[in-house]
Amino acid sequence: MTEAQVIEGLEALREVKAPPNVRGGVLLRTGLADAYFPLETPLGTLYVAHNQHGLSAVLYASRPEEFEMMFKAELGRPAIAQPAPRRLADTLREWLRGDRRRKLRFDLRALGEFQRAVLFKALEIPYGQIRPYSWIAREIGRPKAVRAVGTALAHNPIPLFIPCHRVVRSDGRLGQYSLIGPEAKRRVLEAEGVRLEELERLAESGVRYVGSATTRIFCFPTCRYNKTLSERHRVAFASEAQARAAGFRPCKVCRPAA
Amino acid sequence: MSDVDVLHDAFPKLVDDYQDALYRFALRLTANPQDAEDIAQDAFVRAYRWLEAHGFRSVDTKPWLYRVTLNVFRNRVRKARLATAALEDALELPDGPAEQPSTLAERGETRAELAKVLGRLPLRYREAIVLRHVEELSYPEIAAVLERPQGTIKSDVHRGLELLRAALAPVREEVLA
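Note that the protein sequences, when read in sequence, are chains A and B. For the first sequence, the working numbering begins at 1 and goes up steadily by one. For the second sequence, the working numbering begins at 1001 and goes up steadily by one.
Honestly, the hints are just simulated from the structure, not real lab data. There may be inaccurate statements among the hints.
[To be verified] Below, in silico cross-link-like pairs of lysine to aspartate or glutamate (EDC-like), each with a Cα-Cα straight-line distance of 16 Å or less:
| id | chain 1 | residue 1 | chain 2 | residue 2 |
| --- | --- | --- | --- | --- |
| 1 | B | K1116 | A | E11 |
| 2 | A | K17 | B | D1016 |
| 3 | A | K72 | B | D1009 |
| 4 | A | K103 | A | E124 |
| 5 | B | K1154 | B | E1141 |
| 6 | A | K17 | B | D1035 |
| 7 | B | K1062 | B | E1141 |
[Unchecked claim] Residues of chain A clear of chain B, computed beta-carbon distances all greater than 12 Å:
| id | residue |
| --- | --- |
| 8 | F114 |
| 9 | Q115 |
| 10 | R138 |
| 11 | K227 |
Predicted, not measured: the structure shown is a model, and the values here were computed from it. Cβ atoms here follow ideal geometry from the backbone N, Cα and C, with glycine treated the same way.
Using the sequences provided together with the hints, build the complete structure.
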């Protein structure tokens, strides 16, 4: 065989295309794309995106393609479907059950200082409990910024795991919820065992805090110290002023007042 | 726009433009698709880290990307992390004219055979041949990739082609017959 034939054969070896893993792997490893996978939750199938900094997005979408479009529009980089890392998937399921012993990391780099403070504060609210928007505002040192707290929570990029659903209006109404809609907020809270009807009845009758006649401490109605409180010793208050006037001090765990 | 933002915008395009070339380059050097995929990925990631640290301006992209890929490949050969033994002495010539046509025909497609034989060529010739006749780089470009004088490269390509001819002769004649 001639040299020309060999060269011709070598030229034919050009007809090769890179498999999709090359591009996908490079973009994932350089942080130019996030990996994502579907996850079963109390709200049905959600899509979870993550990168080397932690979880970057949790979104509801009807199909993976729709999720990819939403992710790209919101974060400006692509998301690539990948199998869920087992440890991460396990941790997520534990968190959904209220077991937060294993750490989750969140990629909040794109957010401002204020929104980050709001979201980190929301993370302090225990499973199965709720707090008013004004509580977050006061806790982060911006007591007048209640409305801005609502906006910050409405744009929570990682709902369910950063529990913005545990923040509700002081009048007992649930308020808005970015993930799917307000009805979903109710479903998540009920899945966590929050007795919403009871809380709504309390709120309607003007009750904001519940205190113990023996300890003379007042709490938010869902604070865990109320769980053991007997009906006989339970005292209801409509305001902080009323509680203080009765000689009660705020609980140091749920901090209903400064 | 900061340099990092420019890189974030430009890099995916760079991957789009060069992924087929770098994957093919690695595939023809290793003759193994899995190794080629790993090498191409590693090369792009290395390139990204370098650009992150030094910026886009100072590189002549094409030969530079080939050189990064080649370095990843050579490191793997050195660490013997390749599925195929890519060693200098691994070239085995087929048994020659004594082999029967029937068995030769069973070897299957010529292109696969050529790729296999190429993957066993001594590194020095393999690198030169792939860059010249598969990737179709110019001699000045190849000189930049291999950091060797053009004259040396020309003689390596020539010698490499001879080795390929010798290794392929019995197969090729049968297939063409």
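Here's how the hints hold up against the structure:
1. K1116(B) to E11(A): Given that 16 Å is the threshold and the Cα spacing comes to 15 Å, the pair holds.
2. K17(A) to D1016(B): 11 Å, holds
3. K72(A) to D1009(B): Distance of about 13 Å is within 16 Å: holds.
4. K103(A) to E124(A): Holds. K103(A) to E124(A) sits at ~13 Å (cutoff 16 Å).
5. K1154(B) to E1141(B): 12 Å, holds
6. K17(A) to D1035(B): 15 Å, holds
7. K1062(B) to E1141(B): Within the cut-off at roughly 8 Å; holds.
8. F114: With a cut-off of 12 Å, F114(A) remains clear of chain B, as the shortest Cβ separation is near 23 Å.
9. Q115: With a cut-off of 12 Å, Q115(A) remains clear of chain B, as the shortest Cβ separation is near 21 Å.
10. R138: Given that every Cβ of chain B is farther than 12 Å from that of R138(A), nearest at about 37 Å, it holds.
11. K227: 50 Å, holds
Consistency note: the structure conflicts with none of the earlier hints.
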